[in-house]
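Participant: Sequence:
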Amino acid sequence: MDSLNLPSILTPDLGLLFWMVLAFGVVFFVLSKYGFPAITDMVEKRKQYIDDSLRKAHEASERLTNIKEEGEAILLEARQKQAEILKDAAATRDAMVEQAQHKALEESARLISDARAEIESEKQAAIGEIRKQVAVLSVSIAEKVVRDSLADDKSQMDLIDRMLDEVSSSDNK
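Numbering (the working numbering) for the sequence shown: 124 to 296.
Do not take every clue at face value.
Derived BS3-like pairs (lysine-lysine); straight-line CA-CA distance at most 27 Å [unchecked claim]:
1. Lys170 with Lys156
2. Lys191 with Lys179
3. Lys168 with Lys156
4. Lys170 with Lys191
5. Lys179 with Lys168
6. Lys210 with Lys226
Between beta-carbon pairs, the in silico distance windows are [stated by the list, open to error]:
7. Glu230 with Ala265: 49 to 59 Å
8. Met286 with Ile242: 28 to 38 Å
9. Glu289 with Ala238: 33 to 43 Å
10. Gly138 with Ala180: 55 to 65 Å
11. Ser244 with Met286: 48 to 58 Å
12. Met219 with Leu199: 28 to 38 Å
13. Gln171 with Glu192: 28 to 38 Å
14. Ala223 with Gly194: 10 to 20 Å
15. Ile242 with Met280: 45 to 55 Å
Hints in this document: simulated from the structure, not taken from any laboratory.
Since we're looking at a predicted model, the values are computed, not measured.
C-beta: ideal position from N, C-alpha, C; glycine also.
Given only the sequences and the hints, what does the whole structure look like? Please build it.
Facilitator: Structure representation (structure tokens):
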């Protein structure tokens, strides 16, 4: 292709090229003097902000991990205390049951002892009553027998001798 037939926009002349380079140089100089430092400061501040945010996020993550560990430790301690309380409650319950059984045994022994004493007392009272009735019956029978058989002095003396012999023989046994 021939460079003579090309439009002027594709082949700029030397004067236009000079002014374009000069304008680019001025813009580049102004940007490098004022624009680039501001842009780099903003980028640096943004980088610092991001780094701080990452560091804070990392610290928060560590704190969250520590809090989870503390929570697990507290939960474990609470479970241990719960187990200990349940163990103490079971021991207390067992002691109370044992104490109640012991008291029940003592109470039943006391009731049995009281019942035996009452039975013995009633037995003695019944025996006393029976003896009393036997004595009354014996006296009344003896009175009737004695009235009939002791009509004379000789039979009275025989009866007294016989009774003394019986009392003497029962004392010797």
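Participant: Taking the hints in turn, state whether each one holds.
Facilitator: Hints, verified against the model:
1. Lys170 with Lys156: Roughly 22 Å separates the two Cα atoms, so the pair holds.
2. Lys191 with Lys179: holds, 18 Å
3. Lys168 with Lys156: Status holds; Cα separation ~19 Å.
4. Lys170 with Lys191: It is violated: about 31 Å lies between the C-alpha atoms, which goes past 27 Å.
5. Lys179 with Lys168: holds, 16 Å
6. Lys210 with Lys226: holds, 24 Å
7. Glu230 with Ala265: 49 to 59 Å: This hint holds: roughly 50 Å between Cβ atoms.
8. Met286 with Ile242: 28 to 38 Å: Because 36 Å falls inside the window, the suggested range holds.
9. Glu289 with Ala238: 33 to 43 Å: holds, 40 Å
10. Gly138 with Ala180: 55 to 65 Å: holds, 58 Å
11. Ser244 with Met286: 48 to 58 Å: violated, 33 Å
12. Met219 with Leu199: 28 to 38 Å: holds, 30 Å
13. Gln171 with Glu192: 28 to 38 Å: holds, 31 Å
14. Ala223 with Gly194: 10 to 20 Å: violated, 42 Å
15. Ile242 with Met280: 45 to 55 Å: 47 Å Cβ-Cβ, so the 45 to 55 Å window holds.
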